[in-house]
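Between the sequences and the hints, there should be enough to build the whole structure, so can you do that?
2 protein chains.
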Amino acid sequence: MKIVALAGGVGGAKLAHGLAQVLPPEDLTVIVNTGDDFEHYGLYICPDLDTVCYTLAGLANPDTGWGRVDETWTVIENASLLGGPDWFRLGDKDLGTHLERTRRLKEGDSLSNITRDFCIAWGIKLTVLPMSDQPVRTMVETDEGELAFQEYFVNRRCEPKVKGFRFDNVDKAKPAPGAKEAIQTADAIVICPSNPWVSIDPILKVISLTPNPLPPGDVRRDKGIPIVAVSPIVGGQAVKGPAAKMYSELGIEPSAFAVAKHYAGLGNGFILDQIDSQLTKSVRGLNMQICVTNTLMKSHDDRKLLASDILDFIGEVV
Amino acid sequence: MKIVALAGGVGGAKLAHGLAQVLPPEDLTVIVNTGDDFEHYGLYICPDLDTVCYTLAGLANPDTGWGRVDETWTVIENASLLGGPDWFRLGDKDLGTHLERTRRLKEGDSLSNITRDFCIAWGIKLTVLPMSDQPVRTMVETDEGELAFQEYFVNRRCEPKVKGFRFDNVDKAKPAPGAKEAIQTADAIVICPSNPWVSIDPILKVISLTPNPLPPGDVRRDKGIPIVAVSPIVGGQAVKGPAAKMYSELGIEPSAFAVAKHYAGLGNGFILDQIDSQLTKSVRGLNMQICVTNTLMKSHDDRKLLASDILDFIGEVV
Numbered sequence: 001m002k003i004v005a006l007a008g009g010v011g012g013a014k015l016a017h018g019l020a021q022v023l024p025p026e027d028l029t030v031i032v033n034t035g036d037d038f039e040h041y042g043l044y045i046c047p048d049l050d051t052v053c054y055t056l057a058g059l060a061n062p063d064t065g066w067g068r069v070d071e072t073w074t075v076i077e078n079a080s081l082l083g084g085p086d087w088f089r090l091g092d093k094d095l096g097t098h099l100e101r102t103r104r105l106k107e108g109d110s111l112s113n114i115t116r117d118f119c120i121a122w123g124i125k126l127t128v129l130p131m132s133d134q135p136v137r138t139m140v141e142t143d144e145g146e147l148a149f150q151e152y153f154v155n156r157r158c159e160p161k162v163k164g165f166r167f168d169n170v171d172k173a174k175p176a177p178g179a180k181e182a183i184q185t186a187d188a189i190v191i192c193p194s195n196p197w198v199s200i201d202p203i204l205k206v207i208s209l210t211p212n213p214l215p216p217g218d219v220r221r222d223k224g225i226p227i228v229a230v231s232p233i234v235g236g237q238a239v240k241g242p243a244a245k246m247y248s249e250l251g252i253e254p255s256a257f258a259v260a261k262h263y264a265g266l267g268n269g270f271i272l273d274q275i276d277s278q279l280t281k282s283v284r285g286l287n288m289q290i291c292v293t294n295t296l297m298k299s300h301d302d303r304k305l306l307a308s309d310i311l312d313f314i315g316e317v318v
Numbered sequence: 001m002k003i004v005a006l007a008g009g010v011g012g013a014k015l016a017h018g019l020a021q022v023l024p025p026e027d028l029t030v031i032v033n034t035g036d037d038f039e040h041y042g043l044y045i046c047p048d049l050d051t052v053c054y055t056l057a058g059l060a061n062p063d064t065g066w067g068r069v070d071e072t073w074t075v076i077e078n079a080s081l082l083g084g085p086d087w088f089r090l091g092d093k094d095l096g097t098h099l100e101r102t103r104r105l106k107e108g109d110s111l112s113n114i115t116r117d118f119c120i121a122w123g124i125k126l127t128v129l130p131m132s133d134q135p136v137r138t139m140v141e142t143d144e145g146e147l148a149f150q151e152y153f154v155n156r157r158c159e160p161k162v163k164g165f166r167f168d169n170v171d172k173a174k175p176a177p178g179a180k181e182a183i184q185t186a187d188a189i190v191i192c193p194s195n196p197w198v199s200i201d202p203i204l205k206v207i208s209l210t211p212n213p214l215p216p217g218d219v220r221r222d223k224g225i226p227i228v229a230v231s232p233i234v235g236g237q238a239v240k241g242p243a244a245k246m247y248s249e250l251g252i253e254p255s256a257f258a259v260a261k262h263y264a265g266l267g268n269g270f271i272l273d274q275i276d277s278q279l280t281k282s283v284r285g286l287n288m289q290i291c292v293t294n295t296l297m298k299s300h301d302d303r304k305l306l307a308s309d310i311l312d313f314i315g316e317v318v
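So the sequence lines, in the order shown, correspond to chains X and G.
The first sequence runs 1 to 318 under the numbering used here.
The second sequence runs 1 to 318 under the numbering used here.
Hints were generated in silico from the structure; no laboratory data involved.
There's no promise every hint is true.
A pair holds if it fits inside one copy or across any two, identical chains being indistinguishable in the list.
Stated by the list, open to error - Computed cross-link-like contacts, SDA-like style, restricted to lysine to any residue with a CA-CA straight-line distance of at most 20 Å:
1. Lys261 <-> Val318
2. Lys304 <-> Glu316
3. Lys106 <-> Tyr44
4. Lys125 <-> Gly83
5. Lys125 <-> Leu81
6. Lys161 <-> Ser80
7. Lys174 <-> Val22
8. Lys106 <-> Pro135
9. Lys125 <-> Leu82
10. Lys106 <-> Ser80
11. Lys106 <-> Phe88
12. Lys223 <-> Leu311
13. Lys125 <-> Pro25
14. Lys106 <-> Phe38
15. Lys106 <-> His40
16. Lys223 <-> Ser277
17. Lys240 <-> Asp27
18. Lys2 <-> Val22
19. Lys205 <-> Glu77
20. Lys161 <-> Arg116
21. Lys106 <-> Leu82
22. Lys205 <-> Leu105
23. Lys223 <-> Gly241
24. Lys161 <-> Gly217
25. Lys180 <-> Gln134
Listed below in structure tokens is the structure:
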């Protein structure tokens, strides 16, 4: 079964890692949000892409979910002594990634080529794609004005109140080479438990995902393929990050149901955590089939179990 | 006695450090070559400026003369694992400097402002100036074509045969703010034992140093101020670096005399190492006064002793 997973940062990375444990690498493509990429200290930084790759490679910091394990902080400490900003924690191992990516981008190479080569170097056998080789910038409209995503997310710790989102350059960005093809040959698409507003929406816009992403002539086209989403909001709270806060500030009660509604019309399957089983009926009302399971991925085994449940569920989604 | 020192990398840094030990900080300005600055991994790197500052701040690696003491190499090792070039050894502490300098340059700040603030942060009280805020690029014309300086110097280990030098953008580069003023109020100029071709010549060209750098109306103008040079070639060999090799390849026998001839017409004082005392007469023939002393600066005390000898000599130069 060929799967395309759409992923943002930590939650997406964990589920991608789970899927990698239950699928042969040639059957899994992970398309990663690059809307929160930014330039800092002259370096091109891709937080979600790096979190996904570090997690898949077993290089991620298990405590934070982002950054590298056994990291040191010599560079940023020395830059900080000179007055440099330290609100975005750049570790020394992590900086090796940013330096080499920046070097190759400046030479004119594409982010997808670079990501492919980094995956090879890190021993990642499945395909990881940035959503696009063209920069897309997620801008957060807040009560304090429009903020670049990392400025809002890290520097301002999600404190300003959200009024909306804008994806700068999204109209000009093309899906990364291989993304459309992966979708068109996929047996199912998994929307990982990442932030719907700022992690998944940018990907959906760039790859123009429709409820039936198969090309004309594909024998499966009449039926469409399963598109199943995992809720990043469990028990009314975000597992990590500002998703619930964003829903509230946008006037929507944060819940797995709100997430399901976000994907209604696109997704035909939805994975609810056991805590939210009472929402089954409401989500079914959105014309989605339901799988209730444990989605919290606290351990490596949890990731694999959730991935396994999702594959079983995909077999049932009509 | 107000002194302006012109300096390249290691040799210049050592003498600047010696001068800093015998002069009050307000009486010493060091103007540093930036012709070998370059961009690497998207970062703006100033090898000579950093070597001078690290040396003055007591942060330099005492074994190499460049880079930082107690350095680690995590970033470059990780970039190298991804296929990144490691011919230019970027240490982690050193990278803190490059990141913050690059960040501020990208914000539109000037190299001289940045250098001033870095000096404050590192506890350097004297004035260190880059020769210019505009980039000048030393290009080495070789039998294998024209090479950017660091490409020739570090990556190719000075192996290609030198045919000449070109200083890209030197006509458009202005002396850094304060450089002209420091020269016009100086009681003497010291040309440090740096490479005449690639460390001192770029500075001389940018600051348009003349044998009499005083402005019209200055009471000292008739006489001119002492301009004294220390030979980086001792006993026919370069103390460090490719200076002797360059002289040979340009068809000039490498010697302290060749260096003196290089500065003839500009300098009126020359410091010879004891090893080269037999050259005293020949150099005098170039219309220069001579000081013979130990110039090798193997210890910290040597730096201070040489600086002290130079100040005494300056008092004698007419």
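Review point. Between the shortest in-copy and the shortest cross-copy C-alpha distance, which are at most 20 Å for Lys2 and Val22: within, between, both, or neither?
Key: Intra 12 Å, inter 74 Å, cutoff 20 Å: intra-copy only.
Exercise for review: At 20 Å max between alpha carbons, let me know whether Lys106 reaches Phe88 within a copy, between copies, both or neither.
Suggested key: Answer is between; shortest inter-copy Cα gap is 17 Å, intra-copy 22 Å.
Review point. How would you label the pair Lys161, Ser80 (within, between, both, or neither) given a Cα cut-off of 20 Å?
Key: Cα proximity of Lys161 and Ser80: none, with 29 Å in one copy and 42 Å across.
Check your understanding: Checking Lys261 and Val318: alpha-carbon separation at most 20 Å within a copy, between copies, both or neither?
Key -> Within one copy only: 19 Å inside, 89 Å across.
Practice item. Can you give me the call for Lys106 and Leu82, within, between, both or neither, at a CA distance of at most 20 Å? Key: between (26 Å within a copy, 16 Å between copies)
Check your understanding: Under a CA distance limit of 20 Å, which applies to Lys205 and Glu77: within one copy, between copies, both, or neither?
Key -> Classified as neither; 38 Å inside a copy, 37 Å across copies.
**Study point:** Copy assignment of Lys125 with Leu81, given that the CA separation must stay at most 20 Å
**Key:** Answer is between; shortest inter-copy Cα gap is 17 Å, intra-copy 40 Å.
Check your understanding: Between the shortest in-copy and the shortest cross-copy C-alpha distance, which are at most 20 Å for Lys106 and Pro135: within, between, both, or neither?
Key -> Both ways: Lys106 and Pro135 sit 14 Å apart in one copy and 19 Å across, limit 20 Å.
Check your understanding: Taking 20 Å as the upper bound on the Cα-Cα distance, should Lys161 and Gly217 be classified as within, between, both, or neither?
Key -> Intra 46 Å, inter 64 Å, cutoff 20 Å: neither.
Exercise for review: Since the copies are identical, ignore which copy is meant and state whether Lys125 and Leu82 lie within 20 Å (CA to CA) inside a copy, between copies, both or neither.
Suggested key: Between copies only: 15 Å across chains, 41 Å inside a chain, cut-off 20 Å.
Check your understanding: Checking Lys205 and Leu105: alpha-carbon separation at most 20 Å within a copy, between copies, both or neither?
Key -> Intra 24 Å, inter 35 Å, cutoff 20 Å: neither.
Practice item. Give the relationship of Lys106 and Ser80 under a CA distance limit of 20 Å: within one copy only, between copies only, both, or neither. Key: Between copies, since 17 Å is at most 20 Å while 25 Å is not.
In terms of the numbered hints stated before, the structure departs from hints 6, 7, 16, 17, 19, 20, 22, 23, 24, listed from lowest to highest.
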